[in-house]
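From first to last, the protein sequence lines are chains F and S. Position 231 (the first sequence) corresponds to 230 in the numbering used here; numbering is contiguous. Convert by adding 523 to the 1-based position in the second sequence; the result is the number in the numbering used here.
Hints in this document: simulated from the structure, not taken from any laboratory. A hint or two may mislead.
What the hints assert, rightly or not - Cut-off 35 angstroms, straight-line C-alpha distance, at most; resulting in silico cross-link-like pairs (DSBU-like, lysine-lysine): (1) K949(S) / K107(F); (2) K121(F) / K978(S); (3) K13(F) / K949(S); (4) K128(F) / K994(S); (5) K949(S) / K150(F); (6) K978(S) / K150(F); (7) K879(S) / K135(F); (8) K801(S) / K107(F); (9) K107(F) / K994(S); (10) K845(S) / K665(S); (11) K127(F) / K994(S); (12) K193(F) / K238(F); (13) K150(F) / K994(S); (14) K135(F) / K978(S); (15) K164(F) / K994(S); (16) K135(F) / K994(S); (17) K949(S) / K17(F); (18) K107(F) / K978(S); (19) K127(F) / K949(S); (20) K994(S) / K121(F); (21) K978(S) / K128(F); (22) K164(F) / K949(S).
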Amino acid sequence: MLSIKNLSAAINGKTILKGLNLEVKEGEVHAIMGPNGSGKSTLASVIAGRETFEVTEGEVTYLGSNLLDMPAETRAREGIFMGFQYPVEIPGVSIANFMRTAINEKRKYLGLEPMTGAEFLKLMEEKKKMVDIQSKLTNRSVNEGFSGGEKKKNEIFQMALLEPKLSILDETDSGLDIDALKVVANGINLLRRKDNATVVITHYQRLLDFIIPDFVHVLFDGRIIRSGGKELAIELEEKGYDWVKKEK
Amino acid sequence: MENNSDKILEEVTGSDYKYGFYTDIEMDQAPKGLSEDTVRFISAKKNEPEFMLEFRLKAFRHWQTLGEPDWAHVNYPPIDYQDIIYYSAPKKKATYESMDEVDPELLETFEKLGIPLEEQKMLAGVAVDAVMDSVSVGSTFKKTLAEQGIIFCSFSEALQKHPELIKKYMGTVVPYTDNFFAALNSAVFSDGSFAYIPKGVKCPLELSTYFRINAANTGQFERTLIVAEEGSYVSYMEGCTAPIRDENQLHAAIVEIIAHKDAEVKYSTVQNWWPGDKEGKGGVYNFVTKRGICEGDRSKISWTQVETGSAITWKYPSLVLKGDYSSGEFYSVAVTNNYQQADTGTKMIHLGRNTKSTIISKGISAGHSNNSYRGLVKATRRAENARNFSQCDSLLLGDQCGAHTFPYLDVGNRSTIVEHEATTSKISEDQLFYCLQRGIDMEGAIGLIVNGYAKEVLSKLPMEFAVEAQKLLSISLEGSVG
Ligand SMILES: Nc1ncnc2c1ncn2[C@@H]1O[C@H](COP(=O)(O)OP(=O)(O)O)[C@@H](O)[C@H]1O
Ligand SMILES: [Mg+2]
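Excised from the complex, chain S in its bound form (with noise of 0.2 angstroms):
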């Protein structure tokens, strides 16, 4: 092992490592199965500060005494965790050499969601001309922020460069015991991406991974971390529209945002994972832990998710309201068709006072899936006036599918006030002739129905993501009824 790891340093030091996580090293997967030694593996042939390795072990050792959770509304065969392979070099390679080779319906998809041919050909793994490449449009992006003082690159990158900050702030929202996953990704993550916005700064531009494509192929264990300085602001978009397929199946991402005084962090997600096929065999499990925590007065972060991939979901992107007068929010589409399983939702935990917190989620479930909302609204003794309001509507398609809703109530505080709404509705056939009536066809009636009702979710996002993820929407219930 010794051996073996000075030879990875010496060839990771040795060559251009300018880009950081981008260096093409050939031969780059660790040994099958997870132990101290993978650890070691990874943290060596990232070149991480000592510190980082101790993180990783700690994270390992308590992973070990921990057992999967077991409580969520979803099912899947046991995972064998010595039977997967926990890091492997970004590929640079291209799986195919053209277009021609990638799936046609993939590719009718792509069209569907009016991507740009160059970006389909890097999303469906399609050789892409050295000009197009997303280092050139990186670069004049990165240097508007820099401008700025802002800090936006990958994880690895900012532990070469920033380890103070990342030694800071790093677990300090998801701390390595929060659950199994969180342990899991905490010993493994292989990279993800660093938000630093210094105090005051006002983000001119969306920070959006797409400008880092080359970090799409990290996915497995992703950890992201976003530090918003004092009276700061940033909207950080995560995700792809685009079906992304991926031979691993299981993910388990970390994201973790601080919100100092008076600062605010929106936070956009689209999530369109590989589902598996119609019976749903296949498809990517998706376990992800996402907190931020409101640190500072007046302080605010918002989630917004749209989620129609994956064969299981399981993600409750959480705030801590700290700071007194912070708020935070959650607005949530989630769509299933076919055997697609999502449990996802929130959870509010009011500390501060006068904290407010808003959750819209809306659940759209087609085909035979399953599709809950799990959300807690907590508010400590001290968490004077603390307010929420939730509403949970449930959309269903067809009768074969399930919506679920758990509410979870915990307040110590008499002041406090919780508004909860819920509904359960379906598409009528009045509402699906109405519009075949007036010239739109099936498909085109379900999107519009969809998109509507979930409305007051897609308008929470970036325009430019709200227009594709209209589109997907659509697209994610495409023949789910009739």
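Chain F with its partners taken away, still in its complex shape (with noise of 0.2 angstroms):
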């Protein structure tokens, strides 16, 4: 599905990821741990298409396609979700205007009717329940004003909406109380299909113990250093970062 090579990539002149290489395939999860700095989020940003950041080298291959020369926008009606790690506000514009903005361009792009509004709320109330999301919060502007555990939750709300084949998702577990952490990871589960894939992007291994990864990688500056199944996350996790380093 995903196919990253030798990527290489810089913001305001300097290099971030330095030679990174990455293949994910359909119905696989993915875990992506590092120490801060490491980059993580700056491969999400990438593989979105954030334009701030300049691709100095590599090749990336999405479902066959060159993703680099796509606009984020159509990386996005393709199916490539990003959960952010610091989702930003948009005062004035409900979560339920966003969304349903959002799903009728994907669905202009594939040549879809747009969705009316009562088929939209309908999708609404069904999703809401896969992210114990209350009826209020999509009338709330976009993240505004909403706590951390909001924040994450609406991301996973979003991603339910949007039915995405590949899910990129950044720290959603930072800033999460346990409850919170299984409501998240409960969703994720619920959207898990052997057509999609997810990409979780964290820093701990206690979101891994409610998604149970096919692969961990650990991303240290800008490389994937070291590769392997869950239980990488675990031994990661009783000798911390330093022992990847030295293993380096």
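Could you fit the two chains together into a complex? Lean on the hints.
Written out as structure tokens, the structure is:
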């Protein structure tokens, strides 16, 4: 589904990703771990097409096409979803309005009729249950005055509505108490299918107690320096990042 | 001259004058320039009562003593007032035979606004099917109003049919001595609208100049007068979301509103005059004097405006809160893009006791434009317990544009409470990317964010207007980022 080869990327002239390789296939869940500042969010942004990052080298193929040629909105419409580490506030724009716009933009791109108000409401009700979101939340402005937990739940709610093929969730677990973490993890698990894939970026092994990854990668200084099964996460938790750094 | 106007009078009275201002008279143009003769010509042409001519002449003589105001934060080359044609009759002739001849860019904008085809034709100046002419739409509408005793007609028609009302109220809120442009308008105004709501009547329909599309062509010096008698209610909508191109560069309108005891008037405007091209060439200069008076106790007037057009906007819808417990509101969204300049705001003059005013102003600037808010809150000695809340927000798109806020306070009473809040913000790259990542393109993203920002004001507009205004905001800012 996603194939990253020798990817390098820079921001403001500073190289952050330094020759990164990653293969993600349908039905898989990958976890990317790594210390602060190692480039995890940068990787997510580059895959999502954020233009402030400059790709200086490498190739990214998504479902057989050159991903780097696509503008960000096309990538989204083609099924790439990014759960933001720091979801931004959009005052005055309700979640309902925001997501209806997003869904209908995608449908237009796919040559489908726009969803009517009634259809959209029905879809929202269905997905709200999945992430245990309160009804009134969707009338509020996007992320405005949300608690940390509400913001993260809202990201998963949006993911549920958009039904992406490839989701990259950037520290969706950070700042959550254990109950919220369970809700978020449960949502992610419910959305797991044979024909989609998820990349969870996390700092802590904790999330991986609830979402069982097929692969774990350690990102350090812009490169994946180690990959393995879920046991790698446990080992990391016990020995700390210094262990992989030394082994490198 | 004498001969000439005789001839015109004859034509006017001799032809079918039933519809007042849309009578078809060819050769209808005043000679270039402004003099007493021009004023007399216009008045004669419109077969006006004597008092109207007197008023015009007084205004003209006063205008001659005035200089153009220069305090606003706008720049434009000097206007040669002798190089303007002050009267040309409403044109009935279509400019184009079919839609194929109309500028495709304009048609695209109409599409985006969702304006029905027949209406598009009317706005673009394409010949319209007789059945679809606004007269038929207008007459059912008028019947409903007439049943309630509501008068809603063109200013010219009102001068013929209700001269006593015009005489009583015209110039009482905006006297011709008010300012340069008000004096000019009072001397040469071509037409406009008149609305009168009798005592206790709640107007069942949104009064909209849309129902008199013919009047759209009288635009250059328009005059509107709205009188709401005791306990009445009316919501009045002016303007049009479609971009209106006009060969007249100078527009100087007057709007006067009078609300008697317990009456409420809501006045909503969407202004989208031609702003000029991307370099700022051409475009309408819009110098407007709008003022309402809350004459009676507990009366209420609100101004809601969405300003996206014009090369230059100079406009301060104001309110005089005279009755005790009367209240005034001003909700404004002003968008400037490319080289547009807007200097707009409001004046709230508290005269009565326990009067209350609210000001919400949202400026949005993009391109090389300049957007200024200018507001005055004044409370006189008598205005005990006057209250004002003002919020002036500016949103900047890009770093070539400017936003300026000039709040003035003049409080002569210790019991007055005035609150003022102001913010300046930018659309962040974070917000744009968040939208892009959800599949919403750049234009859609800006549209969403800007509409969210302006929501507080847009929500005050009548429903059908609000939907169009939302689309209009997005369209006005197209190409302003990225
Ligand atoms: N906008 C930016 N400008 C300059 N440096 C940045 C910017 N964003 C991130 N960086 C730098 O890139 C590096 C990687 O950051 P990031 O991808 O956010 O790491 P992680 O998500 O793994 O904590 C850090 O050194 C960070 O300071
Ligand atoms: Mg990060």
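Hints and how they fare:
1. K949(S) / K107(F): holds, 29 angstroms
2. K121(F) / K978(S): holds, 25 angstroms
3. K13(F) / K949(S): holds, 26 angstroms
4. K128(F) / K994(S): holds, 33 angstroms
5. K949(S) / K150(F): With Cα atoms ~22 angstroms apart, K949(S) and K150(F) stay inside 35 angstroms; holds.
6. K978(S) / K150(F): Distance ~22 angstroms between K978(S) and K150(F) Cα, so the pair holds.
7. K879(S) / K135(F): Holds: K879(S) and K135(F) sit about 32 angstroms apart, inside 35 angstroms.
8. K801(S) / K107(F): holds, 30 angstroms
9. K107(F) / K994(S): holds, 18 angstroms
10. K845(S) / K665(S): holds, 32 angstroms
11. K127(F) / K994(S): holds, 29 angstroms
12. K193(F) / K238(F): holds, 33 angstroms
13. K150(F) / K994(S): holds, 29 angstroms
14. K135(F) / K978(S): holds, 18 angstroms
15. K164(F) / K994(S): Between K164(F) and K994(S) the Cα gap is close to 32 angstroms, so the pair holds against 35 angstroms.
16. K135(F) / K994(S): holds, 26 angstroms
17. K949(S) / K17(F): holds, 33 angstroms
18. K107(F) / K978(S): Holds, at about 26 angstroms.
19. K127(F) / K949(S): holds, 32 angstroms
20. K994(S) / K121(F): Roughly 26 angstroms separates the two Cα atoms, so the pair holds.
21. K978(S) / K128(F): Status holds; Cα separation ~29 angstroms.
22. K164(F) / K949(S): At roughly 33 angstroms apart (the allowed maximum being 35 angstroms), K949(S) and K164(F) satisfy the hint.
Consistency with the previously given hints is maintained throughout, with no hint failing.
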